[in-house]
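Visitor: Sequence:
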Amino acid sequence: FRKGAHHMLSRHTRLFERVGGCLLWVFGSDLMPPIVVRYGQDMMQSDEHFTKYCGYAEALGRHELASRLPEIRAAALVVTGTPDFVTPARCSYDLGASLGAVGGAELFDDIGGSHYYIFEEPHLLARKID
Numbered sequence: 004f005r006k007g008a009h010h011m012l013s014r015h016t017r018l019f020e021r022v023g024g025c026l027l028w029v030f031g032s033d034l035m036p037p038i039v040v041r042y043g044q045d046m047m048q049s050d051e052h053f054t055k056y057c058g059y060a061e062a063l064g065r066h067e068l069a070s071r072l073p074e075i076r077a078a079a080l081v082v083t084g085t086p087d088f089v090t091p092a093r094c095s096y097d098l099g100a101s102l103g104a105v106g107g108a109e110l111f112d113d114i115g116g117s118h119y120y121i122f123e124e125p126h127l128l129a130r131k132i133d
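Following this note's numbering, the numbering of the sequence shown begins with 4 at its first residue and continues without gaps.
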């Protein structure tokens with residue numbers, strides 16, 4: 004299955020990206036945008052990659068820090084991109100609200116950004132931090 008999925012994603016990348024973009028436009032940011040096609044290609048490229056991605060996903064499922072947020076006393080800038088499929092923007096909004104009640108938090112949401120916003124728009128983010 005993995006090899007077939009990787010082959011299909013690689014062969015029809017632009018098509019899957021366009022379909023993903025249309026679905027995102029229709030259904031909103033919690034649906035996976037076109038970047039998931041590239042992410043899927045990377046994940047499916049070998050059995051080793053796939054096994055590591057699965058292990059990573061399982062570890063994330065066990066990771067829980069929400070109960071410790073009240074311990075944070077510093078101000079925070081929570082950065083999100085509306086079409087982030089790895090961490091949906093709603094999670095960042097929840098994080099910002101939790102931190103805002105403690106040490107103060109500012110939420111910065113860029114409708115065009117993704118999970119990799121720091122790499123996509125480093126100058127905009129630097130101005131926001133400054």
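Keep in mind that the hints were calculated from the coordinates and are not lab data. Every value quoted in this text rests on a predicted model; they were computed, and no experiment measured them. Treat the hints loosely; a few may be bogus.
In silico EDC-like cross-links for lysine to aspartate or glutamate, where the CA-CA straight-line distance does not exceed 16 Å [claimed, not checked]: (1) Lys131 <-> Asp112; (2) Lys6 <-> Asp50; (3) Lys6 <-> Glu61; (4) Lys131 <-> Asp113; (5) Lys131 <-> Glu109; (6) Lys55 <-> Asp45; (7) Lys6 <-> Glu74.
Across the chosen pairs, the derived CB separations fall in these ranges [claimed, not checked]: (8) Ser101 <-> Met11: 17 to 23 Å; (9) Phe4 <-> Arg93: 14 to 20 Å; (10) Ala8 <-> Ile75: 37 to 43 Å; (11) Leu68 <-> Met11: 22 to 28 Å; (12) Ala60 <-> Ser13: 20 to 26 Å; (13) His52 <-> Glu109: 33 to 39 Å; (14) Glu109 <-> Ser70: 29 to 35 Å; (15) Arg5 <-> Ser101: 36 to 42 Å; (16) Ala100 <-> Phe4: 35 to 41 Å; (17) Ile75 <-> Glu123: 23 to 29 Å; (18) Leu18 <-> Ser101: 38 to 44 Å.
For glycine and all other residues, C-beta sits at the position ideal for the given N, C-alpha and C.
Visitor: All hints are to be evaluated individually against the structure, with a verdict given for each.
Guide: Do the hints match the structure? See the list:
no.: 1; hint: Lys131 <-> Asp112; in the structure: holds, 11 Å
no.: 2; hint: Lys6 <-> Asp50; in the structure: holds, 9 Å
no.: 3; hint: Lys6 <-> Glu61; in the structure: violated, 22 Å
no.: 4; hint: Lys131 <-> Asp113; in the structure: holds, 11 Å
no.: 5; hint: Lys131 <-> Glu109; in the structure: holds, 10 Å
no.: 6; hint: Lys55 <-> Asp45; in the structure: holds, 11 Å
no.: 7; hint: Lys6 <-> Glu74; in the structure: violated, 46 Å
no.: 8; hint: Ser101 <-> Met11: 17 to 23 Å; in the structure: violated, 40 Å
no.: 9; hint: Phe4 <-> Arg93: 14 to 20 Å; in the structure: violated, 31 Å
no.: 10; hint: Ala8 <-> Ile75: 37 to 43 Å; in the structure: holds, 40 Å
no.: 11; hint: Leu68 <-> Met11: 22 to 28 Å; in the structure: violated, 37 Å
no.: 12; hint: Ala60 <-> Ser13: 20 to 26 Å; in the structure: holds, 22 Å
no.: 13; hint: His52 <-> Glu109: 33 to 39 Å; in the structure: holds, 36 Å
no.: 14; hint: Glu109 <-> Ser70: 29 to 35 Å; in the structure: violated, 23 Å
no.: 15; hint: Arg5 <-> Ser101: 36 to 42 Å; in the structure: holds, 37 Å
no.: 16; hint: Ala100 <-> Phe4: 35 to 41 Å; in the structure: holds, 40 Å
no.: 17; hint: Ile75 <-> Glu123: 23 to 29 Å; in the structure: holds, 26 Å
no.: 18; hint: Leu18 <-> Ser101: 38 to 44 Å; in the structure: holds, 40 Å
In this structure, the hints that do not hold are numbers 3, 7, 8, 9, 11 and 14, in rising order.
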